[in-house]
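In order, the protein sequences belong to chains A and B.
Every letter in the first sequence is one number past the one before it in my numbering, and letter 59, counting from 1, is 59.
Every letter in the second sequence is one number past the one before it in my numbering, and letter 84, counting from 1, is 84.
Worth double-checking, as some hints may not be accurate.
[Said to hold, decoys possible] Straight-line C-alpha distance at most 27 Å; calculated DSSO-like pairs for lysine-lysine: (1) Lys204/A to Lys141/B; (2) Lys173/A to Lys173/B; (3) Lys202/A to Lys171/B; (4) Lys191/A to Lys202/B; (5) Lys204/A to Lys144/B; (6) Lys202/B to Lys191/B; (7) Lys100/B to Lys171/A; (8) Lys171/A to Lys204/B; (9) Lys173/B to Lys6/A; (10) Lys204/B to Lys144/A; (11) Lys173/A to Lys78/B; (12) Lys141/A to Lys204/B; (13) Lys204/B to Lys191/A; (14) Lys202/B to Lys219/B; (15) Lys173/A to Lys191/B; (16) Lys191/A to Lys191/B; (17) Lys111/A to Lys154/B; (18) Lys154/A to Lys154/B; (19) Lys191/B to Lys154/B; (20) Lys154/A to Lys111/B; (21) Lys154/A to Lys144/B; (22) Lys202/A to Lys6/B; (23) Lys191/B to Lys202/A; (24) Lys173/B to Lys154/A; (25) Lys78/B to Lys100/B; (26) Lys173/B to Lys204/A; (27) Lys173/A to Lys202/B; (28) Lys6/A to Lys171/B; (29) Lys171/B to Lys191/A; (30) Lys191/B to Lys204/A; (31) Lys6/A to Lys204/B; (32) Lys171/A to Lys191/B; (33) Lys204/A to Lys78/B; (34) Lys204/A to Lys204/B; (35) Lys154/A to Lys6/B.
Just so you know, the hints here were simulated from the structure itself, not pulled from any lab data.
On a predicted model such as this, the values are computed, not experimentally measured, just so you know.
Protein chains: 2
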Amino acid sequence: MIIGNKPALHTVLSPALLYQHELSNTVVVIIDVLRATSTIATALYNGARYIIPVDSVQKCIDTGMQTGAITAGEREGKVAEGLQHGNSPFEYSRDFISGKILVLTTTNGTKLLHAAAENGATTIITGSFPNLSAVCSFVLKQNKNVLLTCAGWKNRINIEDTLFAGAVIDKVKEHFDINCDSSKIAHSLYKEGEADLFGCIKSKNASHYIRLSAYGLEKDIRYCLTPDTANVLPMYMDGKLYADQHY
Amino acid sequence: MIIGNKPALHTVLSPALLYQHELSNTVVVIIDVLRATSTIATALYNGARYIIPVDSVQKCIDTGMQTGAITAGEREGKVAEGLQHGNSPFEYSRDFISGKILVLTTTNGTKLLHAAAENGATTIITGSFPNLSAVCSFVLKQNKNVLLTCAGWKNRINIEDTLFAGAVIDKVKEHFDINCDSSKIAHSLYKEGEADLFGCIKSKNASHYIRLSAYGLEKDIRYCLTPDTANVLPMYMDGKLYADQHY
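Chain A on its own, in the form it takes in the complex:
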C-alpha cells in the first residue's frame, strides 16, 4: 500500500540485486552479520579511531604498512597469512583497540560496501545486531529513502543478514512506505525467529551457522545475534568507517 509522504524502504537480499535500486539520496545500510559488520560495530564502540575496510589480504598488508594500523582478516576460519588478527568481535576489546586504526579485510561485506560507494551511494552505514538501535534511530531521523543491503555469501542470500533486515523493518516500518516483497519476506523471517535468533539459525541449519560452528565459533555467532551490545553508528566516508555521533 502506498502511503502519502513517507520515504520508501527496500531490502536487497543479495549484492547481485543491488543494481535495481537508486542509491543516491538514500541511506544505504550494509549488513554482514557474521561477522564483518558486527566486528566493525564492536571495534568502533570500543574506541577504534576508524576502520579501513579492504577487499584483499594483500591490500590489508599494504595499508597496514602505510598507516601503522592493526591488520585483520581471516581465510577459512584462520587469521590470514601476513595479518595480525582475525574477524572475531571478541578480539577488539577496549583495552586493545581504543585509539587505534584497524584495517579489516572481509570478502562479502567489503565488496558490497565498495559496490554501494561506486554506484552513487553517498550515505553508507553498517548494520548488525550489536548496533541495531543506532541504525534504526539514524534511519528514522534522516527522513530519506532506505536501502537495507545484505552481503550474503558470494552473492547467495543468507538467513542471518535477512534476519537483521527484518529486525530493522520491525522497528521502523510504521515510518516508511514498504512496497517491497523482499522486505516483507525478511520481516516474516524475523518475526518467526525473534524470540530466539540463535535457535532460529541453528534449527534451520543456516549455511553460515554450519560454516562458523565447524570452526568452533558458536560464541561469536551468539554475540553477533545479540542486539545493542555495541550501539554505535559506523559511517563510511572517504574509504573509512567512523563512529558517527548523529543518531
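Given the coordinates of chain A, work out where chain B should sit on it, guided by the hints.
Okay, now just chain B, sitting in the frame of chain A:
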C-alpha cells in the same frame, strides 16, 4: 546438514541469481505463479496440444501467423494489441483450448525459461500451485539435483513465487540435501502462510497482489494459489511446453 547420497535442492529467488547454479543434469523448475505458470498448467491440463512461450508481443503475433495457434498475452492488465487472448487461466477451459496450440507471451516467466535453456538446463518443467503435486512427484522420481527458480518481477523477488518454492520444499524436503538459505527462507514463508495463502499475500500487501487486484483479478489470484486444480507436468522441449506423462 549434509546427508549422504541425497541429491541437492536449491532455490533461486530472482532470475538475476540463476548464474550461481549448475543447470545441467538438474531438474529446473520455472515458477511464475501470477500467472504464467498457472495458466500454462491449466491450458495443458485442459488439453492444449502444446504451448509456445515467447518473450515479446511481436514474436507472439509472428508465431501465431506461422502456426495458426491461438495467441495470448497481456500488457498492463489488458490483452496486448494484436493478440487474441489474455493471461488468465480462466480463459483456457477444456471447451476452448483442447487440441489447440497456444502461443503465450509473458515477461518474467518466459525470460527465465529461455535463460535456463540457454545456460545448459536440459530438464525444464514449470511449476505453480495448480500443478504442485505433479511437480513434487516428478522431482522425487528423478533422483537428480533440483533447482527451484522463481521468476519474480523484473528480477525482484516476490512473495508468491517464494511461497510456491516453499510448498515444494515442504513436500519433498526429506529426500533432498538442502544446504541453501534461500530454500530455508522460502520454506519458512510457506509454513507461515500455508493455512491461507491468499490471506497471506493479501495481508502482506504483496506487490503482485496489489498490481493484479487493481485490475480486478482477485479471482485469478485465488485460483493461482489453489493446489492441484490442474495437475499436469509441463515439460519444456525444443521451444515448446508439453504435458509430460512421466510423473
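(message) Just to be careful, I want the Cα atoms of Lys111/A and Lys154/B compared with a cutoff of 27 Å; is the pair within it?
(response) Distance ~24 Å between Lys111/A and Lys154/B Cα, so the pair holds.
(message) Lys154/A and Lys144/B were given as a pair; does the straight-line alpha-carbon distance stay at or below 27 Å?
(response) With Cα atoms ~24 Å apart, Lys154/A and Lys144/B stay inside 27 Å; holds.
(request) Starting from Lys173/B, check that the Cα of Lys154/A is at most 27 Å away, please. (result) holds (24 Å)
(request) Starting from Lys202/B, check that the Cα of Lys191/B is at most 27 Å away, please. (result) Holds - the C-alpha atoms of Lys191/B and Lys202/B are around 16 Å apart, at most 27 Å.
(message) For Lys204/A and Lys78/B, compute the direct alpha-carbon distance and say whether it is at most 27 Å.
(response) Measuring from Cα to Cα gives roughly 42 Å; hence the hint is violated.
(message) Check whether the Cα positions of Lys171/A and Lys204/B lie no farther apart than 27 Å.
(response) Holds: Lys171/A and Lys204/B sit about 17 Å apart, inside 27 Å.
(message) Lys202/A and Lys171/B were given as a pair; does the straight-line alpha-carbon distance stay at or below 27 Å?
(response) holds (22 Å)
(request) For the pair we were handed, Lys173/B and Lys6/A, check the Cα-Cα distance against 27 Å. (result) With a Cα-Cα distance of about 41 Å, the restraint between Lys173/B and Lys6/A is violated, given a limit of 27 Å.
(message) Tell me if the straight-line CA distance from Lys171/A to Lys191/B falls inside 27 Å.
(response) holds (24 Å)
(request) Below or equal to 27 Å on CA atoms is what counts here, so check Lys191/A against Lys202/B. (result) Holds - the C-alpha atoms of Lys202/B and Lys191/A are around 18 Å apart, at most 27 Å.
(message) Given the hinted pair Lys100/B and Lys171/A, is their Cα-Cα distance within 27 Å?
(response) violated (53 Å)
(request) Measure nothing beyond the straight line between the CA atoms of Lys191/B and Lys204/A; if it is 27 Å or shorter, mark the hint as holding. (result) Distance ~13 Å between Lys191/B and Lys204/A Cα, so the pair holds.
Hint check: violations occur at hints 2, 7, 9, 11, 28, 33; the rest are consistent with the structure.
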